[in-house]
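A.B. asks: So the protein lines, in turn, are chains X and Y. Residue numbers for the first sequence, in my numbering: 1 to 182. Residue numbers for the second sequence, in my numbering: 1 to 125.
These are computed hints drawn from the structure, not numbers from a lab. Please note: incorrect hints may appear among the correct ones.
Stated by the list, open to error - Ranges of calculated distance between the beta carbons of each label pair, as one might list FRET restraints:
hint	chain 1	residue 1	chain 2	residue 2	range
1	Y	Ala-36	X	Asp-85	26 to 32 Å
2	X	Gly-68	Y	Ala-13	31 to 37 Å
3	X	Asp-43	Y	Pro-15	17 to 23 Å
4	Y	Arg-34	X	Asn-154	25 to 31 Å
5	Y	Asp-3	X	Glu-45	34 to 40 Å
6	X	Asn-154	Y	Pro-20	26 to 32 Å
7	X	Asn-18	Y	Glu-81	48 to 54 Å
From the three backbone atoms N, C-alpha and C, an ideal C-beta is built for every residue, glycine too.
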Amino acid sequence: MTAGPTDGDLVATTLQGNPDAFATLVERYDRAVYHLAYRTLRDVEEARDATQEAFFKAFRSLRTFKPGAKFSTWIFAIAYHACCDRLNRQKRYASDEMPDFADAAPGPEQQAVALDEAGRLRAAIDALPEKYRTVVTLFHLQGRQYEEIASVLNLPLGTVKTHLFRAKEQLRRLLDGMGVTE
Amino acid sequence: MYDEDALDRALFALPLEEPPAGLRASILLATAYRPAPAFSVIELGVLGALGAVAAWLVVLLVLGGGSLFVNTLETIASFAERTFSNPATLAWVAAGGATALWLSLFSGFAPATAMPNRSTRRNSR
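Looking at chain X on its own, in the form it has when it is part of the complex (with noise of 0.2 Å):
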């Protein structure tokens, strides 16, 4: 079996002028930026644009890109600016303050009801607070590591633990609301 080329590989062959080789780190993780875009913002016309947004400044910062480095963490950490961004204009987030409770907007429970359990599970990780929203898409779903979330969201290694152990614990309780029998 022959393994692609590296994303370092990609970087470099890019910025020796090859258009290709960012279509396929574009390839490699559009979906994954969406997907963290989507589910930090919780809008797809807004996810859409972050997306964009991050690999359009990832395109134009290439050079900047230390070689060594991971490229999903950059790239995954410019998406996260874009979208902390967004929510600071929408006024839903205050830049150093987030808020430690669920989000009492959408009433998660009354949509649930005629959900399937992915459904369900989907609207019990939306209604979690921001930062443990953020936390758990990247753990879970998208299956980073500890080292790679602190270094993409930028925070100590403890508090990102700490913010996936009380998102867990939210996640039981909304869900609990909802009447999930595992």
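Starting from the structure of chain X, add chain Y where the hints point.
C.D. replies: Same frame as chain X, but now just chain Y:
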């Protein structure tokens, strides 16, 4: 009720949503496969300058007829002749041009850097 393991299993098994149709194409059109602009920045600058000079000459013709137009061209020509017949001026122009050329070859146009992250902003406070 979910216990911890069951919740982990359910979360890990949750599939990612499909991105909207056309997202990849629009990303590629904005980045790697962006069509080259018809004119470069330098070409646009030269075209703009030529356009401005042409507009100015038309205004001269309209306002003062042929005499004002001819007088202005004569004034410009004599000024240029005086300026470029002076060896010191020519030397400075050559030095400036050479420096500009060297700088453009040396540094190029650096891309914009990525946005500062939170720790950078915190440290700069």
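A.B. asks: Decide, hint by hint, whether the structure agrees.
C.D. replies: These are the hints, each one checked on the structure:
For Ala-36/Y and Asp-85/X, the Cβ-Cβ distance of about 29 Å falls inside the hinted range of 26 to 32 Å, so the restraint holds. At about 33 Å, the CB distance of Gly-68/X to Ala-13/Y agrees with the hint of 31 to 37 Å. Look at Asp-43/X against Pro-15/Y: about 20 Å separates their beta carbons, and that is inside 17 to 23 Å. For the pair Arg-34/Y and Asn-154/X, the supplied restraint of 25 to 31 Å holds, since their beta-carbon distance comes to about 30 Å.
A C-beta distance of roughly 37 Å is found between Asp-3/Y and Glu-45/X, which places it inside the suggested range of 34 to 40 Å. Roughly 28 Å separates the CB atoms of Asn-154/X and Pro-20/Y, a value that falls within the hinted 26 to 32 Å. The hinted window of 48 to 54 Å between Asn-18/X and Glu-81/Y holds, with their beta carbons roughly 51 Å apart.
In summary, this structure violates none of the numbered hints.
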